[in-house]
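Peer 1: Residue strings, one per chain:
There are 2 protein chains.
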Amino acid sequence: MDAVEQTEISQLDNIGEKAEQIFEGALQEFLVHGYAGTSMDRVAASAGVSKATVYNHFGDKEGLFIALVKRLAQKKYQIMVESHKAELMETEPAVVVRQIANTILDNSLDDQEHLAFVRLVIGESGRFPELAKTFVHHLGKPGIEVLTEYLTTQCYITILDPEAMARVIIGTLAHYVLMQEILQGKEIIPMERDRIINTLVDLVDHHPKPEI
Amino acid sequence: MDAVEQTEISQLDNIGEKAEQIFEGALQEFLVHGYAGTSMDRVAASAGVSKATVYNHFGDKEGLFIALVKRLAQKKYQIMVESHKAELMETEPAVVVRQIANTILDNSLDDQEHLAFVRLVIGESGRFPELAKTFVHHLGKPGIEVLTEYLTTQCYITILDPEAMARVIIGTLAHYVLMQEILQGKEIIPMERDRIINTLVDLVDHHPKPEI
DNA sequence: GTCTATAAGGAGATAGAC
DNA sequence: GTCTATCTCCTTATAGAC
Chain A
1 MDAVEQTEIS QLDNIGEKAE QIFEGALQEF LVHGYAGTSM DRVAASAGVS KATVYNHFGD
61 KEGLFIALVK RLAQKKYQIM VESHKAELME TEPAVVVRQI ANTILDNSLD DQEHLAFVRL
121 VIGESGRFPE LAKTFVHHLG KPGIEVLTEY LTTQCYITIL DPEAMARVII GTLAHYVLMQ
181 EILQGKEIIP MERDRIINTL VDLVDHHPKP EI
Chain B
1 MDAVEQTEIS QLDNIGEKAE QIFEGALQEF LVHGYAGTSM DRVAASAGVS KATVYNHFGD
61 KEGLFIALVK RLAQKKYQIM VESHKAELME TEPAVVVRQI ANTILDNSLD DQEHLAFVRL
121 VIGESGRFPE LAKTFVHHLG KPGIEVLTEY LTTQCYITIL DPEAMARVII GTLAHYVLMQ
181 EILQGKEIIP MERDRIINTL VDLVDHHPKP EI
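Keeping their order, the protein sequence lines are chains A and B. Note that the UniProt record's numbering has the first sequence beginning at 1, numbered continuously upward. Note that the UniProt record's numbering has the second sequence beginning at 1, numbered continuously upward.
Keep in mind that the hints were calculated from the coordinates and are not lab data. All values reported here derive from a predicted model rather than from experimental measurement. One should not assume that every hint holds.
Just so you know, same-sequence chains aren't split out, so a pair can sit in one copy or run between any two.
[Claimed, not checked] No more than 27 Å apart at the CA atoms, straight line, and that leaves these computed lysine-lysine pairs for DSS-like: (1) Lys-141 / Lys-75; (2) Lys-18 / Lys-186; (3) Lys-18 / Lys-85; (4) Lys-186 / Lys-85; (5) Lys-70 / Lys-186; (6) Lys-76 / Lys-186; (7) Lys-70 / Lys-133; (8) Lys-18 / Lys-51; (9) Lys-85 / Lys-133; (10) Lys-186 / Lys-51; (11) Lys-18 / Lys-61; (12) Lys-141 / Lys-18; (13) Lys-141 / Lys-70; (14) Lys-85 / Lys-51; (15) Lys-76 / Lys-18; (16) Lys-51 / Lys-75; (17) Lys-85 / Lys-61; (18) Lys-51 / Lys-133.
Construct the entire structure; sequences and hints are all you get.
Peer 2: Structure, rendered in structure tokens:
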């Protein structure tokens, strides 16, 4: 396999060894200190390369930041959506909703990198609107769409507005992660994850039949 | 009324005219540029005072930032929770949920200051955990508690876990604001607010009676 | 309390050798 | 392509006059 073919296999790999190092260093710094709080000196040091090399690869600080966030969004997409699509073919709504909820929470609640990434994208969404949109496109939209598709085909009798219901489910889970972990509220307003999941499962399991 | 009594009436007013100016300048700068992206020079200029005056009042940049965010959290609390508590005494669940949803969305979706404030608190929640907790304590917790109290007393027959259901309702609305406005996703995944509200109203209106 | 002026250090970005 | 050394500007914070 030659170099040209390799670049078509994945947009994440084979970008050069130095570039990989720079991404790794930039990841550490931007996730911890934010965009304005990160210096290119520390990125270079953390990556183990000189500052000039960083500029040679990514042009300027903004270019590096944008490339990093887009790369991370793609990576998260593969983890959260692609690798779990197969599981969605179960027919029992209760089982499917429980599985989706567990997938989202398992990949969020204890993953400090993910929590820092969400903080970063939301925090910079006013100054980098395109990055916020990339995040929505790669992580918010697919989750809602996949669940909507499922609810539409499997629960069309009981759920009047599947897309709105998908947003209820995803929104509840996202807000739970935001409140408990990202905003560090788990000691202030504790809530067991299973109570959230059970309540969501109930919503689709015995939902109101339209009155007959 | 003398000065001592005045300070007990509200923690928001009567902190000195210069301090008020500084808060106003700091508000503009921090909400737009974030913590690290804001310079004390621009805060002073925006406030119309000298930089030394800012330092005399608030010690350092961090002190000013913390004071500003705490002040804003209190202000938002009064707008979002206190001023709407009376409306909660309606007995119809459908009416109450619709009212809460409209209160939250009316005070969020079009309020650029509020959206920027949420961006700021989430974005800085890793570096200023106490501020994140203040936000949860003043804005997240009261909303959930008030709604939980209502659902517990008024819907105890149909809702098995009122606190979890309160989080479903609040979480759905918060996530809607986050996706559509804060992360600027309204063109990417459009959704009418009334579809969200109607779906939430249905949840409490004809919720599953436990099987008899 | 408030101002002007300044200290001391860090920031983004580049020139030029290799 | 990568490095070292450097340029220039901006940052937080304070000293000292009033």
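Peer 1: Within a copy, between copies, both or neither: which one fits Lys-18 and Lys-85 at a CA-CA cutoff of 27 Å?
Peer 2: So Lys-18 and Lys-85 fail the 27 Å test inside a copy (34 Å) and across (58 Å) alike.
Peer 1: Reference check for the pair Lys-18 and Lys-186, CA-CA at most 27 Å: within, between, both, or neither?
Peer 2: neither (40 Å within a copy, 38 Å between copies)
Peer 1: As a check of your reading, is Lys-85 near Lys-51 (CA-CA no more than 27 Å) within one copy, between copies, both or neither?
Peer 2: neither (41 Å within a copy, 56 Å between copies)
Peer 1: Classify it for me, Lys-141 with Lys-18: is the Cα-Cα distance of at most 27 Å met within a copy, between copies, both or neither?
Peer 2: Cα proximity of Lys-141 and Lys-18: none, with 33 Å in one copy and 47 Å across.
Peer 1: Taking 27 Å as the upper bound on the Cα-Cα distance, should Lys-186 and Lys-51 be classified as within, between, both, or neither?
Peer 2: neither (40 Å within a copy, 39 Å between copies)
Peer 1: At 27 Å max between alpha carbons, let me know whether Lys-85 reaches Lys-133 within a copy, between copies, both or neither.
Peer 2: So Lys-85 and Lys-133 pass the 27 Å test inside one copy only (22 Å; across, 36 Å).
Peer 1: Is it within, between, both, or neither for Lys-76 and Lys-186, if the alpha carbons may be no more than 27 Å apart?
Peer 2: Intra 24 Å, inter 21 Å, cutoff 27 Å: intra and inter.
Peer 1: Indicate which option fits the pair Lys-51, Lys-133 if close means a Cα-Cα distance not exceeding 27 Å: within, between, both or neither.
Peer 2: The answer is neither: 30 Å in one copy and 37 Å across copies each exceed 27 Å.
Peer 1: If the cutoff is 27 Å on CA atoms, where do Lys-51 and Lys-75 land: within, between, both or neither? Let me know, please.
Peer 2: within (26 Å within a copy, 44 Å between copies)
Peer 1: Pop the pair Lys-141 and Lys-70 into one bin, within, between, both or neither, using alpha-carbon distances up to 27 Å.
Peer 2: Result: close within a single copy only, 15 Å intra versus 34 Å inter.
Peer 1: Under a CA distance limit of 27 Å, which applies to Lys-18 and Lys-51: within one copy, between copies, both, or neither?
Peer 2: Answer is within: at 12 Å inside a copy they meet the 27 Å cutoff, but 43 Å across does not.
Peer 1: Within, between, both or neither: how does the pair Lys-18, Lys-61 come out at a Cα-Cα threshold of 27 Å?
Peer 2: within (16 Å within a copy, 37 Å between copies)
The structure is inconsistent with the numbered hints 2, 3, 10, 12, 14, 17, 18, although it conforms to all the rest.
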